[in-house]
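Let the hints inform the model, and build the full structure from the sequences given.
Here the protein sequences line up with chains A and B, keeping their order. When we follow this note's numbering, the leftmost residue of the first sequence carries the number 3, and every step to the right adds one. When we follow this note's numbering, the leftmost residue of the second sequence carries the number 331, and every step to the right adds one.
Worth flagging that the hints you see were computed from the coordinates, not collected in a lab. It cannot be assumed that every hint is accurate.
[Stated by the list, open to error] As a list, the in silico DSBU-like pairs of lysine-lysine whose alpha-carbon atoms are at most 35 angstroms apart: (1) LYS127/A - LYS470/B; (2) LYS46/A - LYS487/B; (3) LYS487/B - LYS400/B; (4) LYS487/B - LYS127/A; (5) LYS487/B - LYS470/B; (6) LYS127/A - LYS46/A; (7) LYS470/B - LYS400/B.
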Amino acid sequence: MPLRSTETSWGALARGFHWIVAALILVQAVIGLTMVGMATTPAKVRMFALHKSIGLTVLALVLLRIAWRAFDRRPRDPDDTPRWQHVAARATHTALYLLILAIPLSGWWFNSAANAPLVWFGLVKVPGLTGGYDPAIKNVALLAHQTLFWILVALLVLHVGAALWHHFRRHDDVLRRMLTGVKRSTSGATR
Amino acid sequence: MKPATRTGLMLAATLAAATAMPAFARDWAVDAAHSTLAFTGSYQGETFDGRFRRFDASIAYDPADLAHAKFDVTVDIASLDTQNSERDQAALGTDFFDSARFPRAHFVTTAFRRAANGEVLADGTLTLRGVTRPVMLSVKFVPGGNNATLDVTARLKRLDFGIGGGQWADTSMIGNGVTVHGHLLLLASK
Chain A
3 MPLRSTETSW
13 GALARGFHWI
23 VAALILVQAV
33 IGLTMVGMAT
43 TPAKVRMFAL
53 HKSIGLTVLA
63 LVLLRIAWRA
73 FDRRPRDPDD
83 TPRWQHVAAR
93 ATHTALYLLI
103 LAIPLSGWWF
113 NSAANAPLVW
123 FGLVKVPGLT
133 GGYDPAIKNV
143 ALLAHQTLFW
153 ILVALLVLHV
163 GAALWHHFRR
173 HDDVLRRMLT
183 GVKRSTSGAT
193 R
Chain B
331 MKPATRTGLM
341 LAATLAAATA
351 MPAFARDWAV
361 DAAHSTLAFT
371 GSYQGETFDG
381 RFRRFDASIA
391 YDPADLAHAK
401 FDVTVDIASL
411 DTQNSERDQA
421 ALGTDFFDSA
431 RFPRAHFVTT
441 AFRRAANGEV
451 LADGTLTLRG
461 VTRPVMLSVK
471 FVPGGNNATL
481 DVTARLKRLD
491 FGIGGGQWAD
501 TSMIGNGVTV
511 HGHLLLLASK
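See below:
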């Protein structure tokens with residue numbers, strides 16, 4: 003299984019980044035939406051700490067993924083893709099990258115302005131971004147964190163919807179090549 | 331020697347004796363605007379600083395007369411500020427300071443002594459969250475003209491006073507040790 007992507011499929015590394023980050027985003031959404039409604043207990047404190055640790059992990063993974071992308075190609079879109087779909091796909095992917103960078107950053111920013119602790123999985127102390135408590139920044143950062151999250155949800159509906167549409171309606175390799183890295187069996191064609 | 335001169339000398343001697351006599355520990359006024367009552371605790375492995383913005387301190391102190399020194403301090407618990415509004419709110423709640431039931435903490439000294447290394451130590455009792463316990467302060471007094479600065483430090487254990495017991499007793503999340511440091515600017519009172 004090649005690490006690098008080819009003209010027709012995603013490499014193992016790109017797929018690894020994609021699905022690990024996807025899973026972490028899902029976990030983050032569940033934790034984030036749950037923790038804010040919890041009563042003030044040690045369990046809540048642990049939930050917040052976990053949310054922050056996973057968020058920093060996502061940020062690091064996205065940066066690594068972008069760095070890897072500079073060395074890796076991306077598979078071609080299916081040949082019969084209309085131009086507007088190329089453009090829409092590129093725009094959505096770019097926006098997704100920006101959001102999955104901006105959401106953890108805004109969370110970190112909020113945490114810094116709230117003067118809350120930040121220790122990655124209890125192991126590594128992470129410095130603040132604001133130079134201490136700042137109620138005004140705190141409010142802006144929280145609003146950004148929440149708003150960007152809901153924009154992400156909307157774009158993920160598009161992203162997942164498009165992937166399913168490719169798979170079930172167009173019957174092309176767009177989803178399969180991200181799932182397995184293997185182009186649809188060509189046995190039918192060669193036989 | 332003329333009698334008048336003798337009288338004058340005696341008067342001078344009496345005055346000298348009077349001024350050399352140990353004065354009673356001096357009463358000081360506290361300049362609240364330049365005084366702080368702060369503490370350092372730890373939370374999730376990080377230290378954090380907090381302070382009580384309102385407290386009253388009555389200070390009688392003369393380094394040459396420790397026997398008559400006395401500190402009496404009352405702290406307005408609700409004036410807590412740890413530069414984190416969520417934390418402040420939680421800290422004043424029933425699990426921690428419970429400021430609704432225990433709005434004030436009170437510290438009063440019982441005795442002052444000088445340690446072998448010359449450091450002044452004050453023994454006293456602290457009443458916090460309804461619990462009274464002995465607490466020792468280290469005292470650093472620096473006179474400066476008519477004024478003086480007083481720096482005191484104490485090490486407490488939050489669980490001794492039931493601050494965050496029960497489900498919050500886990501000291502790996504909230505450290506047990508808390509260092510309290512007071513910095514007071516003292517003004518000569520009258």
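Results of checking the hints against the structure:
| no. | hint | verdict |
| --- | --- | --- |
| 1 | LYS127/A - LYS470/B | holds, 34 angstroms |
| 2 | LYS46/A - LYS487/B | holds, 24 angstroms |
| 3 | LYS487/B - LYS400/B | holds, 24 angstroms |
| 4 | LYS487/B - LYS127/A | holds, 24 angstroms |
| 5 | LYS487/B - LYS470/B | holds, 22 angstroms |
| 6 | LYS127/A - LYS46/A | holds, 20 angstroms |
| 7 | LYS470/B - LYS400/B | holds, 14 angstroms |
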